[in-house]
Amino acid sequence: MSISKTSEDVARPAPPGHDSDADLLTAKVVPRRHPGQWVAAAAVLVVVAMAVHTLLTNPRFQWNVVAAYFTEASILRGLLLTVWLTAAVMVCGYALGILLAVMRLSGNPVLRSISFGYVWLIRSVPPLVQLLFWYELASLYPQLSLGIPFGPSFVTVATAHLFTGLLAAFVGLTLDVGAFSAEIVRGGLLAVEKGQTEAAQSLGLSGARIFRRIVLPQAMPAIVPASGNLLIGMLKATAIVSVIAVQDLLYSAQLIYNQNFLIIPLLLVATIWYIVLTTLLSVGQYFVERHYARGSARGGGGQGFWQLTRANLPLFGRAGSTGLS
Amino acid sequence: MSAATAPLLRIRGLRKSFGSHLVLDGVDLDVAEGGVTVLLGPSGSGKSTLLRCINHLEKLDGGFVEVGGETIGYRYDRRRLHELPPSAITRQRARIGMVFQQFNLFPHMTVLENIVEAPIAVADTPRKQAVAHARELLEQVGLGGREGSYPRQMSGGQQQRVAIARALAMQPRLMLFDEPTSALDPELVGDVLAVMKDLAVSGMTMVVVTHEIGFAREVADEVVFLDGGRILESGPPDAVLTEPRNDRARAFLSAVL
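Chains as they are written, first to last, in my numbering: chain U, 1 to 325; chain B, 1001 to 1257.
Keep in mind that a hint or two might mislead.
Stated by the list, open to error - Quick list of in silico lysine to aspartate or glutamate cross-link-like pairs, EDC-like style, CA-CA up to 16 Å:
#1 B:K1059 to B:D1030
#2 B:K1128 to B:E1113
#3 B:K1059 to B:E1083
#4 U:K194 to B:E1113
#5 B:K1059 to U:E72
#6 B:K1197 to B:E1218
To be verified - Chain U regions said to be covered by chain B (calculated; three or more residues, Cβ under 8 Å):
#7 41–55
#8 245–256
As the list claims (entries may be wrong) - Partial chain U-side listing against chain B, Cβ under 8 Å, derived:
#9 A222
#10 H291
#11 R294
Keep in mind that the hints were calculated from the coordinates and are not lab data. Please read all numbers here as calculations on a predicted model, not as lab measurements. Backbone N, C-alpha and C define an ideal beta-carbon position, used for all residues, glycine too.
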């Protein structure tokens, strides 16, 4: 390394391999080619083209039937039920999950154990089995009463009347979401440094306010992506209520094809609606994540929504640095 | 310090252990109103724990802490110390400011939101008034105009000065500093110490855990040397820092200076 550059340095014969420092400094950079990427892309594109071709040309998909039933009244009623059942299950399930997470992190050993036991039990039983249990509750407890524990009861109802398929679905799925969201929320709360709580305590903030204003908002960046996953999973998991004759999106389609035997087109109707809903939820998740990234290192310079979309759909827009070369 | 009035902070027989490890072993300490006490000692000597017992971030295992004549964390009644409910402890903490080694600013809030959160939520200050006070405090710590920044956009020294402003916003009668400059790059230490010195000059009562001997010499009214959970030596900075009588204090100071 020469510290001062003199005319002698430039005039000195260059080392083997290149002409002079000046040439090296002005040389044009030739990017490396990636022929393997082109081959892989071409192979995948052929497969995609075949899939699109068969979707469009195989008459047995019966796209005209799909179009005819897509906005059928009973399908839309089923769609509405799927949407609000998902919403109700997620809201109540998360309320339960936050409670369970707080119990699990509390200093009370009884509450901790109960929360742990609940999560263990519910996660061990398939949701479909839980659903059937709640649906068949009447054979276990023919009557349900509201009253003082081990004492007199005020109201008594026949379980079979109370536990319709819809309530069984709501209860079973809510308990399931409660267990899974408890773990997601607990993980998020644990990710917040203890110093945050201590700083808030030293300022004299109350426990409830510390949780709501300081800890929970900081836990959200860890909670939101996993919760988005759970929400989308639950949207589709509500389809299992069709086994206990709740008229959701899938069961509405099944009712129609049981009469006219147009099974594939009606399954496609349901499928397309599920894709539409999932897409809307994914877009929503992006904006929620961006909201909670305030103040974080990734918050300011994050990718915009359209940048992100274009980066993942190189055929439909400028791909930038992610493109083939 | 004259003993004409009762000291603002009075600690007697303070004991604290973590499991079987005794961290504080009978500590007595007085800090007069407006006094500045610097706690020195090797790591693990119990300095930080002592500080955290003062605002009850740690429960005591024995002894008591009094601030302004009020027992912290307990209510004395007929030879019994009744544990206070969280709401009462919260009220006591509101008048004791604390500054942490790791700043602990709330990263999801702007500088202004960090400062006005407690005055609005705890002291019921109207928002307008809290914001005006926050701007004055930022001016005071040399960060006027930075109220819209997020903590992560600031240097460590700036964050620590915001943390001081945040604690001052509750108009505390006692400020606790837990190694406020230990996490800072050397060139940022001076700004934070300057703010703390201004605060001491303005008459704030302060208890400071630090390794900045220069600060102790210049600002402290009393220097306290702790080791093994006991106070081994205390007195005016000149005496303790220049001619420590205790062997361990002498060894520690010769290693630090």
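Each hint tested on the structure:
Proposed proximity of K1059 of chain B and D1030 of chain B is contradicted: the alpha carbons are some 20 Å apart, above 16 Å. A hinted pair counts as satisfied when its Cα atoms are at most 16 Å apart, and K1128 of chain B with E1113 of chain B qualifies at roughly 12 Å. With a C-alpha separation of about 10 Å, the suggested pair K1059 of chain B and E1083 of chain B falls inside the 16 Å cut-off, and the hint holds. For the proposed pair K194 of chain U and E1113 of chain B, the alpha carbon gap of about 20 Å is over 16 Å, so the pair is violated.
Of the pairs offered as hints, the one joining K1059 of chain B and E72 of chain U is violated, with about 66 Å between alpha carbons and a cut-off of 16 Å exceeded. A C-alpha spacing of about 9 Å is found between K1197 of chain B and E1218 of chain B, which places the hinted pair at or below 16 Å, so the restraint holds. As drawn, the region 41–55 of chain U meets chain B at 0 residues by the rule of a beta-carbon pair under 8 Å; below three, the given contact is violated. Given as covered by chain B, the region 245–256 of chain U fails the check, having 0 residues with a CB less than 8 Å from a CB of that chain where 3 are the minimum.
Contact between A222 of chain U and chain B, as hinted, is not supported at the beta carbon level, the nearest pair being about 13 Å apart and thus beyond 8 Å. A least Cβ separation of about 10 Å between H291 of chain U and chain B goes past the 8 Å threshold, and the interface hint is therefore violated. The beta carbon of R294 of chain U is positioned within 8 Å of a beta carbon in chain B (closest approach about 6 Å), and the interface hint is therefore held.
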